[in-house]
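Sequences are here, hints too, so could you generate the full structure?
Below are the chains, spelled out letter by letter.
Number of protein chains: 2
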Amino acid sequence: MPYHAPIRDFRFLLDHVVGFAEVAATDRFAEATPDMTNAILTEAGKMCEDMLAPLNQIGDKHPAHLENGVVRTPPGFAEGYRAIATGGWIGMSAQAQNGGLGLPMTLTTTVNEMLSGACLALQLNPLMTQGQIEALEHHASDAIKATYLPKLISGEWCGTMNLTEPQAGSDVGALRTKAEPNGDGSYAITGQKIYISWADNDFTANVCHLVLARLPDGKPGTKGISLFMVPKLIPDADGNPGQKNDLRVVSLEHKMGLHGSPTAVMEYSGATGWLVGPEHGGMAAMFTMMNNARLGVGTQGIGTAERALQHALAYAQDRKQGRAQGTGAIIEHADVRRMLTTMRADIYAARAIALMNAVAIDMATATDDPAWQARAAFLTPITKAFGTDIGVEASNTGVQIHGGMGFIEETGAAQFVRDVRVSTIYEGTNGIQAMDLVARKLMDGGDAAFRLLDDVVRGAEAAKATHPDLAHAVWEAAETLREATEWLVSQPDLNDRFAGAVPYLRAFARVLGGHVHLASAVAGDAGHLRLATFYIKRLLPEHISLLAHVREGAADLAAITPADLAAA
Amino acid sequence: MPYHAPIRDFRFLLDHVVGFAEVAATDRFAEATPDMTNAILTEAGKMCEDMLAPLNQIGDKHPAHLENGVVRTPPGFAEGYRAIATGGWIGMSAQAQNGGLGLPMTLTTTVNEMLSGACLALQLNPLMTQGQIEALEHHASDAIKATYLPKLISGEWCGTMNLTEPQAGSDVGALRTKAEPNGDGSYAITGQKIYISWADNDFTANVCHLVLARLPDGKPGTKGISLFMVPKLIPDADGNPGQKNDLRVVSLEHKMGLHGSPTAVMEYSGATGWLVGPEHGGMAAMFTMMNNARLGVGTQGIGTAERALQHALAYAQDRKQGRAQGTGAIIEHADVRRMLTTMRADIYAARAIALMNAVAIDMATATDDPAWQARAAFLTPITKAFGTDIGVEASNTGVQIHGGMGFIEETGAAQFVRDVRVSTIYEGTNGIQAMDLVARKLMDGGDAAFRLLDDVVRGAEAAKATHPDLAHAVWEAAETLREATEWLVSQPDLNDRFAGAVPYLRAFARVLGGHVHLASAVAGDAGHLRLATFYIKRLLPEHISLLAHVREGAADLAAITPADLAAA
Chain U
1 MPYHAPIRDF
11 RFLLDHVVGF
21 AEVAATDRFA
31 EATPDMTNAI
41 LTEAGKMCED
51 MLAPLNQIGD
61 KHPAHLENGV
71 VRTPPGFAEG
81 YRAIATGGWI
91 GMSAQAQNGG
101 LGLPMTLTTT
111 VNEMLSGACL
121 ALQLNPLMTQ
131 GQIEALEHHA
141 SDAIKATYLP
151 KLISGEWCGT
161 MNLTEPQAGS
171 DVGALRTKAE
181 PNGDGSYAIT
191 GQKIYISWAD
201 NDFTANVCHL
211 VLARLPDGKP
221 GTKGISLFMV
231 PKLIPDADGN
241 PGQKNDLRVV
251 SLEHKMGLHG
261 SPTAVMEYSG
271 ATGWLVGPEH
281 GGMAAMFTMM
291 NNARLGVGTQ
301 GIGTAERALQ
311 HALAYAQDRK
321 QGRAQGTGAI
331 IEHADVRRML
341 TTMRADIYAA
351 RAIALMNAVA
361 IDMATATDDP
371 AWQARAAFLT
381 PITKAFGTDI
391 GVEASNTGVQ
401 IHGGMGFIEE
411 TGAAQFVRDV
421 RVSTIYEGTN
431 GIQAMDLVAR
441 KLMDGGDAAF
451 RLLDDVVRGA
461 EAAKATHPDL
471 AHAVWEAAET
481 LREATEWLVS
491 QPDLNDRFAG
501 AVPYLRAFAR
511 VLGGHVHLAS
521 AVAGDAGHLR
531 LATFYIKRLL
541 PEHISLLAHV
551 REGAADLAAI
561 TPADLAAA
Chain Z
1 MPYHAPIRDF
11 RFLLDHVVGF
21 AEVAATDRFA
31 EATPDMTNAI
41 LTEAGKMCED
51 MLAPLNQIGD
61 KHPAHLENGV
71 VRTPPGFAEG
81 YRAIATGGWI
91 GMSAQAQNGG
101 LGLPMTLTTT
111 VNEMLSGACL
121 ALQLNPLMTQ
131 GQIEALEHHA
141 SDAIKATYLP
151 KLISGEWCGT
161 MNLTEPQAGS
171 DVGALRTKAE
181 PNGDGSYAIT
191 GQKIYISWAD
201 NDFTANVCHL
211 VLARLPDGKP
221 GTKGISLFMV
231 PKLIPDADGN
241 PGQKNDLRVV
251 SLEHKMGLHG
261 SPTAVMEYSG
271 ATGWLVGPEH
281 GGMAAMFTMM
291 NNARLGVGTQ
301 GIGTAERALQ
311 HALAYAQDRK
321 QGRAQGTGAI
331 IEHADVRRML
341 TTMRADIYAA
351 RAIALMNAVA
361 IDMATATDDP
371 AWQARAAFLT
381 PITKAFGTDI
391 GVEASNTGVQ
401 IHGGMGFIEE
411 TGAAQFVRDV
421 RVSTIYEGTN
431 GIQAMDLVAR
441 KLMDGGDAAF
451 RLLDDVVRGA
461 EAAKATHPDL
471 AHAVWEAAET
481 LREATEWLVS
491 QPDLNDRFAG
501 AVPYLRAFAR
511 VLGGHVHLAS
521 AVAGDAGHLR
531 LATFYIKRLL
541 PEHISLLAHV
551 REGAADLAAI
561 TPADLAAA
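Protein sequences appear in the order of chains U and Z.
If you're matching positions, the first sequence starts at 1 in the numbering used here and goes up one per residue.
If you're matching positions, the second sequence starts at 1 in the numbering used here and goes up one per residue.
The set of hints was computed from the structure by calculation and includes no laboratory data.
Quick caveat, the model's predicted, so the values are computed rather than measured.
Heads up, a few of these hints could be off.
[To be verified] If you anchor each label on the Cβ, the simulated ranges turn out as follows:
| id | chain 1 | residue 1 | chain 2 | residue 2 | range |
| --- | --- | --- | --- | --- | --- |
| 1 | U | K219 | Z | D50 | 29 to 39 Å |
| 2 | U | R451 | Z | T561 | 49 to 59 Å |
| 3 | U | Q192 | Z | N38 | 35 to 45 Å |
| 4 | U | D27 | Z | A566 | 31 to 41 Å |
| 5 | Z | A314 | U | Q192 | 18 to 28 Å |
| 6 | U | V250 | Z | A559 | 49 to 59 Å |
[Claimed, not checked] Cβ-to-Cβ under 7 Å is the rule here; a few derived chain U residues that face chain Z:
| id | residue |
| --- | --- |
| 7 | L101 |
| 8 | L313 |
| 9 | D318 |
| 10 | G322 |
| 11 | A334 |
The C-beta atom is built at its ideal place from N, Cα and C for all residues, glycine as well.
So this is what it looks like as structure tokens:
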């Protein structure tokens, strides 16, 4: 099961579709020259192909497990992690003053996609650390920055995110974990956290937990929550791992997939922690971390989908069956082609959207322009939900292309389905992403949405002369979406927005997909045009059905009773 | 994880939507009185709820396995199987002269759905036997009938289907298994078969394999294939299991799901078999068996979807989270309601379509009317593909509703996703179902399709006075589908049909779903109307996007190159 890093796509999208030149032209990211970009894609791609891709199936077959309270990771994961760390890939977008490379998030996004495609279970570890680095950069004291950031950026230590408690899943404000001042500037953290990804391992010298907890005077709800750094081993005066902290891995979950990644129940028993950000200001810092992670998780979906496509394509080119034309392989069957091309066209769209998102983040970082900030914020839930939905759909289609072989675990196709399934759930379920989009992200009266649609319309108008049919279809889709957006913005009752939130997010992604495919058709070769034609003619029309759903509001849903849902 | 038999739905659909009264009015099925129907639903439902539902998770956790060449089944499966057999549920539609009850396939379909919802892995065993019974009834000699049918119908013995070989999956004609005459009326069968569901067990006295093989003078391709009965133990002169046959289970597959069901590689080493049907006429007999099984597999998808819905609904009513209104449980959130109601409305549609299909089969059996035969044949691939697609979709939505809990195996939601995944693949992949629909099932110039659409239009016209909006939407959808059907029928190149086959089948199911929901709204209570409104306003519009896809033909797909599909 080899993996081929999708470098051709990255180069083309960066050069011709998502406007990376604008990022590279800023002072902040002046180092992101074409040479540097090429070197990054080539080097990271090579590591993913050679070193990490073989670990994927090993991680599934040899799950991370608990041995006398110590997490043991799958064979080869330690070496794989060291390759990622020593390559500098964890902290490539971290600030230079702490040892990072200060490179654009756009480039980190390309690398994260390749890492995900190569070995998703292992990649989740540095993804968590990247989120922690960003949270510390923005919110931690200088002392904490100095102690933790260099070691997190180098990968010597790794980071986790501790939000969820048994009674507080998506509703973080309901958490009960307590933080009490020790009187020396530190706090005693007590409580249980669940679903902690990579809560421990046997290859980093320390594990740094960012833990949400409530101070004695913290109000109920999210406004009374503070964030704490709680290391597994307390750094000594020289900053080296010292005394063991009062925390432990209680158990690891038995999951549908991602077996290589330990998911833990954590117990904090008066563990020593240090405040990150202001008292009762934990949610802001956690959102920094989560925003980063949401782009990252969307990218996980895309990476997995790409690997599933490559796996299915190889099978479809090899497997002889029936009266297929040409080579006699099943790829010659129209329906198999439909499945493969759907995977490819969807992945291409999702990849471009994730990179558009990352470009907006980089431009916001480089310019502080609120319009870029708003665009980044608007695109983040779309990248997360669409990227992971495509991850699930493409992986399932990959199984389907394999026929009976797809259901047999040895084939490897089923693992992608099992592994990627959690990505539509963690870092905020895709339903919550969609609710964020139609509520918070439309609080500007739809300004960020309309600006994006203006870009889509401009692109369609520019393409009119050379690609009239495709341009017209994209233009019309954008205008239909604009009307639906206007309808949503004008709904005073948020439930009327929430009822159609998921179909709206999907429709927005579909239209953005039309936009990037059209731009590719204009700038690219005959292959780009074929792919764009397939997407715009066959997949883009989905927005029509989705937007019909959006405009129904919530009244009919509110009227549904549990008895209506019961067939018994 | 309890299971509630969906008896309310069955009663309502039989009485008001799918026209079961017409079946019960025939001489052939005069025994299917309302009292008999009620007794069947109640008794089978009770067994499924009390006895079989608890076996589902046990089967997943204690997979069937091979012990010194003998298949060992999960704890409780033997008792569960005996309950199914002694209840008379295996042979309830088998002909009375062999010990069957001669009841309509419509009633078997209700029972099969309940068995599937209760314990899919176990239910697959009697489903295979039912197909074998029907094949023998239609094609076997009187001697074979006398020896095998009573024991298969009673469940003393069970049956399997042996089509697939490593090099011959969907392309059955490529098979290599040989049959050589022994000179005594029997044949020596030699070859390897794969993906044999329930190839062996430790609870029936014999296992009867129906095996496709080629006689020495058999032509290449499907026209040279014959069907053989190859029992595990050769019946002695009294018809009791005697000498061991030369066949063995080589290995069991390690599958994504359905762990309770042993899926075997079988080796036939000159095993003794007897011809079923004429020489070189094996495909016809196998199609009898497969047609039966395709309705059954569609029903498996629906049964699993129903169980996943019940599981998710219970969770959504129990789980408190966030600022939900009313009870404070997550079912009060609009997006959770959208997910649950989508599951419910889709399952209802799929269930009604399966019963329409079974009614057509029963009417064809009772009347020999070619129009009923054509309708049954047209609906079978739709039931199979739509039922199993809904199985996969609803199970995935069930996981999503559980949030992080959905990814943890102990919760049980993930098992439905893993178990049902194979149903879109076996008994002919859903792509092959769709190709069958647009090629073979439109060979009548679309007559069967247009007659169905006429019924949909008649239903819409009848509902116009009381439900004008819903009726208009269904009427319009039927007419759009009629145009697409006319377009398909007029395509001389089958590839132009195949390229849109899957979206066409889905669109047809969507429109039939609108038809049955509208009929329910007319005949039912306020709850039926709420569900119908949701389906027709929010889900039915999917047909628009799907039919746009259908009309694109195959040219753009044929032009796609493997390089277009590669991102590297």
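For each hint, the structure was consulted:
Checked against the given bound of 29 to 39 Å, the beta carbons of U:K219 and Z:D50, roughly 50 Å apart, lie outside it. Taking 49 to 59 Å as the suggested C-beta distance range, the pair U:R451 and Z:T561 does not conform, at roughly 37 Å. A beta carbon spacing of about 50 Å between U:Q192 and Z:N38 contradicts the range 35 to 45 Å that was offered as a hint. Hint check: U:D27 to Z:A566, Cβ distance near 37 Å, so the stated range 31 to 41 Å holds.
Judged by the Cβ atoms, the range 18 to 28 Å given for Z:A314 and U:Q192 holds: they are separated by roughly 25 Å. Separated by about 57 Å at the C-beta atoms, U:V250 and Z:A559 satisfy the suggested range of 49 to 59 Å. Hint status for U:L101 relative to chain Z: violated, with the closest Cβ pair at about 25 Å, above 7 Å. Nearest Cβ of chain Z to the Cβ of U:L313: about 6 Å, under the 7 Å cut. The hint holds.
Interface hint status for U:D318: violated, as the beta-carbon distance to the closest one in chain Z is roughly 11 Å, over 7 Å. Against a cut-off of 7 Å between C-beta atoms, the interface hint on U:G322 holds, since the closest Cβ of chain Z lies about 4 Å away. Of the supplied interface hints, the one on U:A334 holds, with its beta-carbon coming within about 4 Å of a beta-carbon of chain Z, less than 7 Å.
The structure does not agree with the numbered hints 1, 2, 3, 7 and 9 stated previously, though it agrees with the rest.
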